[in-house]
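Residue numbers (this note's numbering), protein chains in the order written: chain D, 1408 to 1528; chain X, 47 to 294.
Each hint should be verified, as a subset may be incorrect.
Unchecked claim - Capping the alpha-carbon separation at 27 Å, the derived lysine-lysine pairs in DSSO-like fashion look like this: (1) D:K1488 to X:K283; (2) D:K1484 to X:K163; (3) X:K193 to X:K163; (4) D:K1488 to X:K163; (5) X:K283 to X:K163.
To be verified - What the simulated footprint calls covered on chain X by chain D, stretch by stretch (three residues with Cβ under 8 Å from a Cβ of chain D suffice, anywhere in the stretch; the number is not a length): (6) 160-169; (7) 202-212; (8) 243-256; (9) 271-285.
Calculated directly from the structure, the hints in this document are not laboratory data. Using N, Cα and C, we set each Cβ at its ideal position, and we do this for glycine too.
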Amino acid sequence: MAGWWKRHPYYLWYMLREASCVFITAYALILLWGLRRLAQGEGPFEDWLESLGTPGSLAFHALALPVVLYHAWTWFKVMPKTLPDTRLPAAAIVAGGVAASAACSAALLVAVWWFGLWSVP
Amino acid sequence: MTRTIRIECLRYHPETDAEPRLQAYEVPFTDDMSVLQGLQYIKDHLDGSLTFRWSCRMAICGSCGQMVNGVPRLGCETFLREFWPGTVRVEPLEHFPIVRDLAIDQSDFLAKLESVKPYLVQKAPPAGENTNLQAPEEMQAYYRYSKCINYLLCYAACPQYGLNPAFTGPAALTLLHRYNADSRDAGRAQRMPVVNQEDGVWGCTLVGYCSEVCPKDVDPARAVNQNKVNSTLDYFKHFLFPRAKEKS
Ligand code: FES
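Please take these sequences and the hints and turn them into a complete structure.
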């Protein structure tokens, strides 16, 4: 069974799905760290914001974004298998989930942008 | 039009061979010939010692599952023309011991199948009736899963079964669900221990390839994963009401 995941592209995509959780965790930790810096005051928070702009951080985020998008897609892709039996066709469940998450992300982006506009001194 | 295709078969006669090897045959074929018919041509005209299973040659008996170029498929439903001018490599289903050439030993699966009680544990009919009637919606709850006839392609597709042969596996768990989901059945309490064990539904990591290769669109991954929910509910039920009498 050694190297079984190299036998078929399907397995490779599965392994990538499982590995994507590492990036999700890293994302979450970076955000949590930002929250902690925010609690410590404006200076530390500004430092944290600045650290996000370093080349290393930009490289990580450039890689993490597609991986997290792939993770989100696989999450909805398996949804028809994990939900209790419904009359909805599987494709509708997947499409609905992807659409809902895209809408939530867009709404969040707009809200942050809006809030940013108003909070500028 | 007759063309010629190269079919490589895995050969292994445990009494004489130290280990399995591939043997190639040049087989003339027409557009309507399946991989199974290719094997039959070899057996009839080129090499009578080649061993493989088949019966219905119309995708309903479940005998002819093989690895065709590394993918679990039914030999009788896969056409040679798909591979020409390339080669077809036919091997026995992955993860099972070989009895001889392409024939595998299914005993492990059969024991697991038996453990899930794949039959109706009859519920007493309502008072005054002598039979359990079933509404069309009640039939829909299990119909899809009842189409499983043990081709075992899903076991060959399941890396978890390959890594841990104790895993109950897709088809047995699907048939377990088929009977649990049947409104006429009273065997749920007897089957839940199989669902709940480490090697029951929790052995599945939702790779999902089993559903992909299933020729009858049974969707075993769905049956298995719905039972993760059932198993969790069962756990909490026992946790909250340890002395509750088991109902079906
Ligand atoms: S020979 Fe019966 S399923 Fe292929």
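Verification of the hints:
1. D:K1488 to X:K283: holds, 23 Å
2. D:K1484 to X:K163: violated, 31 Å
3. X:K193 to X:K163: holds, 17 Å
4. D:K1488 to X:K163: holds, 23 Å
5. X:K283 to X:K163: holds, 23 Å
6. 160-169: Since three or more residues must qualify, the claim that chain D covers the stretch 160-169 of chain X is violated, with 0 doing so at under 8 Å.
7. 202-212: Check passed, 3 qualifying residues.
8. 243-256: holds (count 5)
9. 271-285: holds (count 4)
The structure shown violates the earlier hints numbered 2, 6.
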